[in-house]
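There are 2 protein chains.
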Amino acid sequence: MTQETTEHQPVKGPRIKKGLVCVNTGNGKGKTTAALGVLFRAWGRDMKVQMFQFLKHTGSQFGETRAAKKLGIGMTAMGDGFTWRTKNMDETQDLARAQWEIAKAAILSDEYEVIILDEFTYPMHYGWISVNDVIEVLRQKPHMLHIIITGRHAPDELIEFADLVTEMREIKHPYREQGIKAQPGLEF
Amino acid sequence: MTQETTEHQPVKGPRIKKGLVCVNTGNGKGKTTAALGVLFRAWGRDMKVQMFQFLKHTGSQFGETRAAKKLGIGMTAMGDGFTWRTKNMDETQDLARAQWEIAKAAILSDEYEVIILDEFTYPMHYGWISVNDVIEVLRQKPHMLHIIITGRHAPDELIEFADLVTEMREIKHPYREQGIKAQPGLEF
Chain A
1302 MTQETTEHQP VKGPRIKKGL VCVNTGNGKG KTTAALGVLF RAWGRDMKVQ
1352 MFQFLKHTGS QFGETRAAKK LGIGMTAMGD GFTWRTKNMD ETQDLARAQW
1402 EIAKAAILSD EYEVIILDEF TYPMHYGWIS VNDVIEVLRQ KPHMLHIIIT
1452 GRHAPDELIE FADLVTEMRE IKHPYREQGI KAQPGLEF
Chain B
1302 MTQETTEHQP VKGPRIKKGL VCVNTGNGKG KTTAALGVLF RAWGRDMKVQ
1352 MFQFLKHTGS QFGETRAAKK LGIGMTAMGD GFTWRTKNMD ETQDLARAQW
1402 EIAKAAILSD EYEVIILDEF TYPMHYGWIS VNDVIEVLRQ KPHMLHIIIT
1452 GRHAPDELIE FADLVTEMRE IKHPYREQGI KAQPGLEF
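Line order of the protein sequences matches chains A and B. Quick note: the first sequence uses the working numbering, first residue 1302, plus one each step. Quick note: the second sequence uses the working numbering, first residue 1302, plus one each step.
For the record, the hints were derived by calculation from the structure and aren't laboratory data. Where hints are given, some of them may not hold.
Below, in silico cross-link-like pairs of lysine to aspartate or glutamate (EDC-like), each with a Cα-Cα straight-line distance of 20 Å or less [as the list claims (entries may be wrong)]: (1) A:LYS1473 with B:ASP1347; (2) B:LYS1318 with A:ASP1457; (3) B:LYS1482 with A:GLU1414; (4) B:LYS1371 with A:GLU1478; (5) A:LYS1442 with A:ASP1464; (6) A:LYS1388 with A:GLU1402; (7) B:LYS1370 with A:ASP1347; (8) A:LYS1319 with B:GLU1478; (9) A:LYS1370 with B:ASP1347; (10) A:LYS1370 with A:ASP1347; (11) A:LYS1442 with A:GLU1412; (12) B:LYS1473 with A:ASP1464; (13) A:LYS1371 with B:ASP1347; (14) A:LYS1473 with B:GLU1458; (15) A:LYS1473 with B:ASP1464; (16) A:LYS1442 with A:ASP1411; (17) A:LYS1442 with A:GLU1402; (18) B:LYS1319 with A:GLU1478; (19) B:LYS1482 with A:ASP1464; (20) B:LYS1370 with B:ASP1391; (21) A:LYS1473 with B:ASP1457; (22) B:LYS1473 with A:ASP1457; (23) B:LYS1473 with A:GLU1461; (24) B:LYS1405 with B:ASP1434; (25) A:LYS1482 with B:ASP1464; (26) B:LYS1405 with B:GLU1437; (27) A:LYS1349 with A:GLU1412; (28) B:LYS1473 with A:GLU1471; (29) A:LYS1473 with B:GLU1471; (30) B:LYS1349 with B:ASP1411; (31) B:LYS1318 with B:ASP1411; (32) A:LYS1319 with A:ASP1464; (33) B:LYS1442 with B:GLU1402; (34) A:LYS1318 with B:GLU1478; (35) B:LYS1319 with B:GLU1437; (36) B:LYS1473 with A:GLU1458; (37) A:LYS1482 with B:GLU1414.
Nothing here was measured: the structure is a model prediction, and the numbers come from that model.
So here's chain A without its partners, still in its complex pose (with noise of 0.2 Å):
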């Protein structure tokens, strides 16, 4: 059975057991965090798991990276808090290409069975890292290797590639229709 029970799938037929490459994309809540669901689960039946968050402030002390930290799960971020308000944006670029390097030797390791590359879009979209580069290394991935793409602006050339892509889509918002910010816990 499926985790969604209700989906329109029939239940028989051979199970394909592949490495998918997945990206969570779109303008709304829920990209990073369903990719830390899937960590979750994926920990739960003991598989290998790693996550890398391109951008995001190396040392950031979010909940998923205390919850990684205590459960050993390998969680890195590597970035120095990019915003849309970032001005020089060479620290930016220099620290996603390294983090790009490191993902990319534990993407062909073998060692994994879920990698997750967290704000990946960005660098790609604004072309630091090229997209063309990124699916050639998914194309040599182990085959039972799952990836999760997470982040806006998702290149045409990547949702092509992907297996499984899902778009989150704003329909209602707590900062923009009450002034709420984003909560500790349910949001970092």
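Based on the hints, put chain B in the right spot on chain A.
Just chain B now, with coordinates in the frame of chain A:
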């Protein structure tokens, strides 16, 4: 700093602390998964969390069930594995109503900081549980309690009442495109 580093939110100004009513709906993946991500984050912050799964088979051993058990997080499924093929829905309805009574008591107990009502939209959508009754309970919830409701077909009244609503929209699905079914660890 919020999770969404690229989001156009001012960083200054008071942070209003409020438990939010969140709805993850739509036909795409990631509704339950994002709720699990919140569970992971909140657990990382030592918050008291609890998940009630509706419809899913009592005694299910999903990845998330295993993870929750290992961590001592309360997660209970009460259902008979309802799908669109289910013929006799009497038992399904009774189990959903029984689970709602338990969840309601938990909501009003003021013992939790995050409560997830997974796939709870279906009992409302099918009319087994009254949306108005649910909203009445949500109105009485402790001020700081976050509640996350997942599932397709979220009723309009619920969307109207909720603070944060996200639609998970399917862009590309491995089953429809490649005949690949849900993968353990990734999707359940």
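Right, here's what the structure says about each hint:
1. About 28 Å separates the Cα atoms of A:LYS1473 and B:ASP1347, which puts this hinted pair outside 20 Å; it is violated.
2. The hinted pair formed by B:LYS1318 and A:ASP1457 fails the criterion: a straight-line CA distance of about 38 Å is larger than 20 Å.
3. This hinted pair checks out: B:LYS1482 and A:GLU1414 have alpha carbons roughly 17 Å apart, not beyond 20 Å.
4. Pair hint B:LYS1371 plus A:GLU1478 does not hold up; C-alpha atoms about 38 Å apart against a cutoff of 20 Å.
5. Distance check on the hinted pair: A:LYS1442 and A:ASP1464 sit about 13 Å apart at the alpha-carbon level, within 20 Å; holds.
6. Proposed proximity of A:LYS1388 and A:GLU1402 is contradicted: the alpha carbons are some 24 Å apart, above 20 Å.
7. Among the hinted pairs, B:LYS1370 with A:ASP1347 is consistent with the structure: their alpha-carbon atoms are about 13 Å apart, no more than 20 Å.
8. Between the alpha carbons of A:LYS1319 and B:GLU1478 the distance comes to roughly 14 Å, so the proposed pair stays at or under 20 Å and holds.
9. Proximity of A:LYS1370 to B:ASP1347 is assessed by CA-CA distance (about 13 Å); at most 20 Å being required, the pair is judged to hold.
10. Between A:LYS1370 and A:ASP1347 the alpha-carbon distance is near 16 Å, which keeps this suggested pair within the 20 Å criterion.
11. With a C-alpha separation of about 11 Å, the suggested pair A:LYS1442 and A:GLU1412 falls inside the 20 Å cut-off, and the hint holds.
12. For the hint pairing B:LYS1473 with A:ASP1464, the CA-to-CA distance comes to about 7 Å; that is within 20 Å, so the pair holds.
13. With a CA separation close to 11 Å, the supplied pair A:LYS1371 and B:ASP1347 stays within the 20 Å bound.
14. At most 20 Å may separate the alpha-carbon atoms for a hinted pair to count; A:LYS1473 and B:GLU1458 meet this at roughly 13 Å.
15. Using a Cα cut-off of 20 Å, the hinted pair A:LYS1473 and B:ASP1464 holds, with the two alpha carbons roughly 7 Å apart.
16. The straight-line distance between the Cα atoms of A:LYS1442 and A:ASP1411 is roughly 8 Å, inside the 20 Å bound, and the hint therefore holds.
17. The hinted pair formed by A:LYS1442 and A:GLU1402 meets the criterion: a straight-line CA distance of about 14 Å does not exceed 20 Å.
18. At most 20 Å may separate the alpha-carbon atoms for a hinted pair to count; B:LYS1319 and A:GLU1478 meet this at roughly 14 Å.
19. A distance of roughly 11 Å separates the Cα atoms of B:LYS1482 and A:ASP1464; the hinted pair therefore holds under the 20 Å criterion.
20. For the suggested pair B:LYS1370 and B:ASP1391, the alpha carbons sit about 30 Å apart, so the restraint of at most 20 Å is broken.
21. Under the criterion of a C-alpha separation no larger than 20 Å, the hint pairing A:LYS1473 with B:ASP1457 is consistent with the structure, at around 12 Å.
22. Taken as a hint, the B:LYS1473 and A:ASP1457 pair is honoured in the structure, with Cα atoms around 12 Å apart against an allowance of 20 Å.
23. Between B:LYS1473 and A:GLU1461 the CA atoms are separated by roughly 9 Å; this keeps the pair inside 20 Å, and the hint holds.
24. Our distance criterion of 20 Å between C-alpha atoms is met by B:LYS1405 and B:ASP1434, whose separation comes to about 10 Å.
25. Distance check on the hinted pair: A:LYS1482 and B:ASP1464 sit about 11 Å apart at the alpha-carbon level, within 20 Å; holds.
26. Our distance criterion of 20 Å between C-alpha atoms is met by B:LYS1405 and B:GLU1437, whose separation comes to about 11 Å.
27. Taken as a hint, the A:LYS1349 and A:GLU1412 pair is honoured in the structure, with Cα atoms around 7 Å apart against an allowance of 20 Å.
28. Proposed proximity of B:LYS1473 and A:GLU1471 is supported: the alpha carbons are some 19 Å apart, at most 20 Å.
29. For the hint pairing A:LYS1473 with B:GLU1471, the CA-to-CA distance comes to about 19 Å; that is within 20 Å, so the pair holds.
30. Taken as a hint, the B:LYS1349 and B:ASP1411 pair is honoured in the structure, with Cα atoms around 10 Å apart against an allowance of 20 Å.
31. Of the pairs offered as hints, the one joining B:LYS1318 and B:ASP1411 holds, with about 16 Å between alpha carbons and a cut-off of 20 Å not exceeded.
32. Distance restraint check for A:LYS1319 and A:ASP1464: the Cα-Cα separation of roughly 10 Å lies within the 20 Å cut-off, and the hinted pair is therefore satisfied.
33. At most 20 Å may separate the alpha-carbon atoms for a hinted pair to count; B:LYS1442 and B:GLU1402 meet this at roughly 14 Å.
34. Of the pairs offered as hints, the one joining A:LYS1318 and B:GLU1478 holds, with about 15 Å between alpha carbons and a cut-off of 20 Å not exceeded.
35. Taken as a hint, the B:LYS1319 and B:GLU1437 pair is honoured in the structure, with Cα atoms around 18 Å apart against an allowance of 20 Å.
36. Among the hinted pairs, B:LYS1473 with A:GLU1458 is consistent with the structure: their alpha-carbon atoms are about 13 Å apart, no more than 20 Å.
37. Between A:LYS1482 and B:GLU1414 the alpha-carbon distance is near 17 Å, which keeps this suggested pair within the 20 Å criterion.
Hint compliance for this structure: hints 1, 2, 4, 6, 20 are broken, all remaining hints hold.
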